[in-house]
Amino acid sequence: MTPRAYDTKSDIDAGDAVVLARALIATPSVNPALEPTGSGEAEIAALTAGWLRSWGFDVELVEAPPGRPSVLARHGDGDGPTLILNGHLDTVGVEEMVIDPFDPVVRDGRLLGRGSADMKGGVAAALAAARDATRDGYRGTLVIALTADEEVAGLGARRLVENGLMADGAVVCEPTSLDVMPAHKGFTWIELTFRGRAAHGSRPERGVDAIRHAGLFLARLGDLESALAERTPHPLLGSGSVHAGTVRGGTAPSVYPAACTLTLERRTLPGETGDTFRAEVELVLETLRSEVPTLDASLDVTLHRPGSEIAAEHRLVAAVTDAARSAGLRPATAGMSAWVEAVTFTEAGIPALCFGPGSIGDAHSADESVAVAEIHAAHSALTALIGTYLS
Numbered sequence: 126m127t128p129r130a131y132d133t134k135s136d137i138d139a140g141d142a143v144v145l146a147r148a149l150i151a152t153p154s155v156n157p158a159l160e161p162t163g164s165g166e167a168e169i170a171a172l173t174a175g176w177l178r179s180w181g182f183d184v185e186l187v188e189a190p191p192g193r194p195s196v197l198a199r200h201g202d203g204d205g206p207t208l209i210l211n212g213h214l215d216t217v218g219v220e221e222m223v224i225d226p227f228d229p230v231v232r233d234g235r236l237l238g239r240g241s242a243d244m245k246g247g248v249a250a251a252l253a254a255a256r257d258a259t260r261d262g263y264r265g266t267l268v269i270a271l272t273a274d275e276e277v278a279g280l281g282a283r284r285l286v287e288n289g290l291m292a293d294g295a296v297v298c299e300p301t302s303l304d305v306m307p308a309h310k311g312f313t314w315i316e317l318t319f320r321g322r323a324a325h326g327s328r329p330e331r332g333v334d335a336i337r338h339a340g341l342f343l344a345r346l347g348d349l350e351s352a353l354a355e356r357t358p359h360p361l362l363g364s365g366s367v368h369a370g371t372v373r374g375g376t377a378p379s380v381y382p383a384a385c386t387l388t389l390e391r392r393t394l395p396g397e398t399g400d401t402f403r404a405e406v407e408l409v410l411e412t413l414r415s416e417v418p419t420l421d422a423s424l425d426v427t428l429h430r431p432g433s434e435i436a437a438e439h440r441l442v443a444a445v446t447d448a449a450r451s452a453g454l455r456p457a458t459a460g461m462s463a464w465v466e467a468v469t470f471t472e473a474g475i476p477a478l479c480f481g482p483g484s485i486g487d488a489h490s491a492d493e494s495v496a497v498a499e500i501h502a503a504h505s506a507l508t509a510l511i512g513t514y515l516s
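Counting in our numbering, the final residue of the sequence shown is number 516, and the numbers go up one at a time with none missing.
Everything labelled a hint here was simulated from the structure, so no lab data went into it. There may be inaccurate statements among the hints.
What the hints assert, rightly or not - Have a look at the derived ranges for each label pair, beta carbon to beta carbon:
1. Asp204 / Ser451: 22 to 28 Å
2. Glu221 / Arg356: 32 to 38 Å
3. Asp400 / Ala278: 19 to 25 Å
4. Ser164 / Arg440: 36 to 42 Å
5. Ala278 / Arg322: 33 to 39 Å
6. Gly192 / Arg356: 40 to 46 Å
7. Thr357 / Val223: 39 to 45 Å
8. Arg455 / Gly370: 35 to 41 Å
9. Gly205 / Asp233: 30 to 36 Å
By construction, the Cβ of each residue, glycine as well, lies at the ideal position given by its N, Cα and C atoms.
Between the sequences and the hints, there should be enough to build the whole structure, so can you do that?
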């Protein structure tokens with residue numbers, strides 16, 4: 126068991142958001158689909174479910190994938206609006222970290238550890254606000270949704286909405302540097318396979334170099350990037366982007382490679398689909414085939430996770446902005462560059478935005494950290510939001 130000397134019942138009952146964040150970081154929850162030794166969300170789900178029950182919430186554990194629970198907790202009289210505070214419990218892996226991933230020390234005003242920014246600081250702020258709200262009172266229903274598997278397929282959040290979860294609004298407490306983010310990008314992955322013909326390196330008349338053909342395609346990615354930049358930008362998210370993520374091919378230096386596989390990622394704007402990127406890539410291939418008759422390539426969209434947005438004038442945006450200002454913050458209305466589970470709620474009819482402590486630039490990093498002051502500020506803002514939105 127990881128030592129947590131600060132994680133006493135009195136510490137937790139006091140509802141200090143940084144104390145909660147330290148306890149969360151000290152509880153490993155690496156997504157096992159990303160790192161085979163990852164423990165998943167079972168222990169951290171049990172920990173948070175226990176806290177929420179002790180604060181008077183009705184709590185349910187919902188498994189998806191099997192053995193990996195999300196936490197769904199409700200509190201309130203049901204007479205009024207419903208607000209969801211959401212965060213994910215899983216983290217990425219820890220193999221390349223340069224700090225102890227599960228020793229949540231505070232150094233120079235920053236809390237270090239895996240998940241500190243993405244997004245145990247935000248989860249802790251939401252939990253501390255929930256604890257305060259049960260003591261202060263409010264009208265309506267507060268839902269805490271802490272999800273599994275966000276870092277891979279988002280199965281936890283999807284299961285919750287499939288089971289009928291509904292609300293008037295949802296705040297996803299991802300790291301936004303305490304700005305209010307009603308829009309976020311999605312992404313599409315395409316796998317491109319180039320087929321050549323294997324031959325001895327001394328017999329060029331027999332070989333077809335699949336890697337060279339892949340290289341010719343890669344040289345055209347700059348044109349696609351430029352075309353994306355020339356389109357009318359999204360007011361909060363700017364332009365879409367594209368890059369090559371992985372390349373695999375060849376068997377030996379002396380053999381013409383018979384195959385080469387590229388994986389491409391396209392960061393998409395709300396409304397762009399997997400077919401959007403497919404059409405862009407096929408257009409590049411069509412041009413290339415006309416210039417290189419021996420080129421043989423096929424593609425497959427392997428994953429698409431859409432972006433989403435709600436209007437900047439939406440009531441939820443105004444409510445979160447006002448709550449942040451009441452906590453002494455000066456939030457901007459901005460766009461989230463990363464994919465987040467706001468889309469899962471929005472597509473289910475629940476308007477959702479992002480607001481939370483930490484920077485997305487610190488997420489997944491080798492020395493991940495979050496400013497302690499931002500956790501406290503998020504706690505104050507979310508407490509204010511519950512009081513005003515659920516009234």
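Hints, verified against the model:
Distance hint check for Asp204 and Ser451: the Cβ-Cβ separation is about 24 Å, which falls inside the suggested range of 22 to 28 Å. Remark: the range hint 32 to 38 Å for Glu221 to Arg356 is upheld by a beta-carbon distance near 35 Å. In this structure the hint that Asp400 and Ala278 lie 19 to 25 Å apart at CB holds, the actual value being about 20 Å. The given range of 36 to 42 Å is respected by Ser164 and Arg440, whose C-beta atoms sit roughly 39 Å from each other.
Separation of Ala278 from Arg322 is about 37 Å and conforms to the stated range, judged on CB atoms against 33 to 39 Å. In this structure the supplied range 40 to 46 Å holds for Gly192 paired with Arg356, their Cβ-Cβ distance being about 44 Å. Checked against the hint of 39 to 45 Å, the pair Thr357 and Val223 passes, with Cβ atoms roughly 41 Å apart. Our hint of 35 to 41 Å for Arg455 and Gly370 holds, since their Cβ atoms are close to 37 Å apart.
Take Gly205 and Asp233: their Cβ atoms lie about 43 Å apart, and the range 30 to 36 Å is violated.
Violated hint: 9 only; the structure is consistent with all others.
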